[in-house]
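In order, the protein sequence lines correspond to chains A and B. Mind the numbering: the first sequence is residues 1 to 403 in this note's numbering, read in order. Mind the numbering: the second sequence is residues 1001 to 1207 in this note's numbering, read in order.
Worth double-checking, as some hints may not be accurate.
Stated by the list, open to error - If you want the footprint, here are the derived chain B segments under chain A, 3+ residues with CB under 8 Å:
{"no.": "1", "region": "1016 to 1026"}
{"no.": "2", "region": "1146 to 1154"}
Stated by the list, open to error - Calculated Cβ distances over 10 Å to all of chain B for the following chain A residues:
{"no.": "3", "residue": "Glu210"}
{"no.": "4", "residue": "Leu258"}
{"no.": "5", "residue": "Gln271"}
What the hints assert, rightly or not - From the structure, some residues in chain A lie toward chain B, with a derived Cβ separation under 7 Å:
{"no.": "6", "residue": "Ala189"}
{"no.": "7", "residue": "Ala199"}
{"no.": "8", "residue": "Trp200"}
{"no.": "9", "residue": "Glu204"}
{"no.": "10", "residue": "Asn249"}
Read the hints as simulated data drawn from the structure, not as lab findings. Where is the CB? At the ideal position from N, CA and C, for every residue including glycine.
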Amino acid sequence: MKTTDGRSVASTIGRYALAILLVALALFLSLQFQYSLGNPFWFFFSVAVILSTWFGGSGPGWLAVICSVLAVMYYFTPPMGTFAISPSDVPYFVAFVACEAGATRLILWRRRSEDALRQARNQLEVKVAERTRALESANAAILRQMDEQRRTDETLQATRAELARAARITTIGELTASIAHEVNQPLAAVVANADACVAWLDREKPDLLEARSAAERAVNGATRASDVIARIRSMITKSTPRKSRVEINRIIEQTAALVETQAARNNATIQLKLSPDVPFVVGDSIQLQQVILNLVMNGIEATATVTDRPRTVTLVSEVELGPSAHDGQVLVSVHDSGAGLSDEVKARLFEPFFTTRTTGTGMGLSISRSIIEAHGGRLWAESNGSGGAIFQFTLPKGDDPRE
Amino acid sequence: MKEQEPIVFVVDDDRMIREGLQSLIRSVGLRVETFSSAQDFLLAKRIDAPACLVLDVRMPGLSGLDLQLKLRDGDIQIPIIFITGHGDIPMSVRAMKDGAHEFLTKPVRGQDLLDAVHKAIATDRSLQQERQESKAIREKFDSLTPREKEVQELVVAGLLNKQIADQLGMSELTVKTHRAHVMEKTEADSLAHLVRMAEKLKNSPRK
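Here chain A stands alone, though its shape is the one from the complex (with noise of 0.2 Å):
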């Protein structure tokens, strides 16, 4: 839309033009109809003034102003054929002038506010585009911040999950190492003290006295040995007894959330099979995570070497029902689609520092089992019928008498 400044020398010329010509029109027409519309001349001239400001805006109004008056003058005011004016209509003539300028005026002033308008709009719509434009450049702004933040956060996960990793297995290492030290010492007691009992008989005059006491101390390591063991075994057990309501439905859907990243990345899919009428338990939430969190990372990890079949890791949660004695209590299994377990393998699963992979510990397994018993209930895996493997445990409903 063009403003009045930028309107060209040719409009200009034109929108006079108009005037004259329309003043023009209005003098034919008047002159046609003179005698048979009686005293027209004003209603001819008024709608030329009013389209020439109309259309023409100021300059062409006015013209068409002074050329309406002038015309007037000179054709229908007597005496005829000039531009004078016999006084009785003096007041006649007035009135016109006044009604041609007013229209003008008012015409005028109508039109500025038009104008301003349309240029307030203006304004506002480059305002708009503009801030548009702004919003637009800050969306995608924060669009690409986002997919770096996304990107960050993928990044970040992995880091930190491998960092876990690392972690769990420095500390199992080092954890190792220490009862590996704390073990064998009482056993090299026993052995050196054994060996110096056999050595004490064999000699040529038996020293039944050196043999008895070398005896006593090699009993006396391997009580030290099995306190170790009995010490190691309640600090993996026993370490945190915080017990609480447990509702595992709830723990199973915060673990699949958890390693859904790093299921993706093995291609594979957690899938859920909650049972709604699982009751809550007792125990400590944050344990029964581990072996939740334990199995399934072990699924995952079981189902990396499948190709002619879809990943999967069902997460299942439902009640036992029956009229034994487990009636009623929570059983939670994890399938998956792996390539399953040899028998010989699963004779071995549950041994402590046993593993098929390269980079596991051997722990896990046999660490869950002893939470899982900790908590009253049974862990055990089993062959799935269509391949793949099932872990399982059971765990006492939260209103069982043993609670």
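Place chain B on chain A using the hints.
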């Protein structure tokens, strides 16, 4: 010269192991002395008898390897049998390089340890004899006067009396007198014996 009864030193922070090893070694008729830390062993009085050291690598405070270095720095020669719970290769290599006699892993088979002990004592015994021999030789050589020493060195270097006399600016007769004193003081039977003793002295470090 009557040899003293051999002795085995056992250094281990674990009382039960210490007692077991002590009993085991005593059962074959060897003298045993035990220490619960490397520091205690360092403070103990040295005995001039064939000996060996059974040493636990991993101990609080001064470790077995630290003790080995300290003994070497103090020029205390004693064969060391290391016992370690975690026989990692770099550590055993380091210990062997630094002159460990044997490196056994825990739990140690009794017979293995006794074999190592016997071998170590035999080694120490021959080392000790050598040490005592060179000590005796040193004492004899130390009794020479400075002039006699000069003559002895040139004699051993293979010079004739005339050459020695020229070099030291004395008469041949004087050289002969000094030479006779040298042979007498060092109890050398022959020139060859004197050369052998001088050679031995050169090879054994002065304590």
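Now for the hints, and whether the structure bears them out:
1. For the region 1016 to 1026 of chain B, the proposed coverage by chain A is satisfied: 8 residues have a C-beta within less than 8 Å of a C-beta in that chain, meeting the threshold of three.
2. For the region 1146 to 1154 of chain B, the stated coverage by chain A is violated: 0 residues have a C-beta nearer than 8 Å to a C-beta of that chain, whereas at least 3 were required.
3. Against chain B, the non-interface label of A/Glu210 is violated: not every CB pair exceeds 10 Å, the least being about 6 Å.
4. Every C-beta of chain B lies more than 10 Å from that of A/Leu258, the closest at about 36 Å, which supports listing it as non-interface.
5. No Cβ of chain B approaches the Cβ of A/Gln271 within 10 Å, the least distance being about 45 Å, so the stated non-interface status holds.
6. A least Cβ separation of about 4 Å between A/Ala189 and chain B falls short of the 7 Å threshold, and the interface hint therefore holds.
7. The beta carbon of A/Ala199 comes within 4 Å of a beta carbon in chain B, closer than 7 Å, and the hint placing it at the interface holds.
8. Contact between A/Trp200 and chain B, as hinted, is supported at the beta carbon level, the nearest pair being about 5 Å apart and thus within 7 Å.
9. Because the smallest distance between the Cβ of A/Glu204 and any Cβ of chain B comes to about 11 Å, over 7 Å, the interface hint for this residue is violated.
10. The beta carbon of A/Asn249 is not positioned within 7 Å of any beta carbon in chain B (closest approach about 46 Å), and the interface hint is therefore violated.
Checked against the numbered hints above, the structure breaks hints 2, 3, 9, 10 and satisfies the rest.
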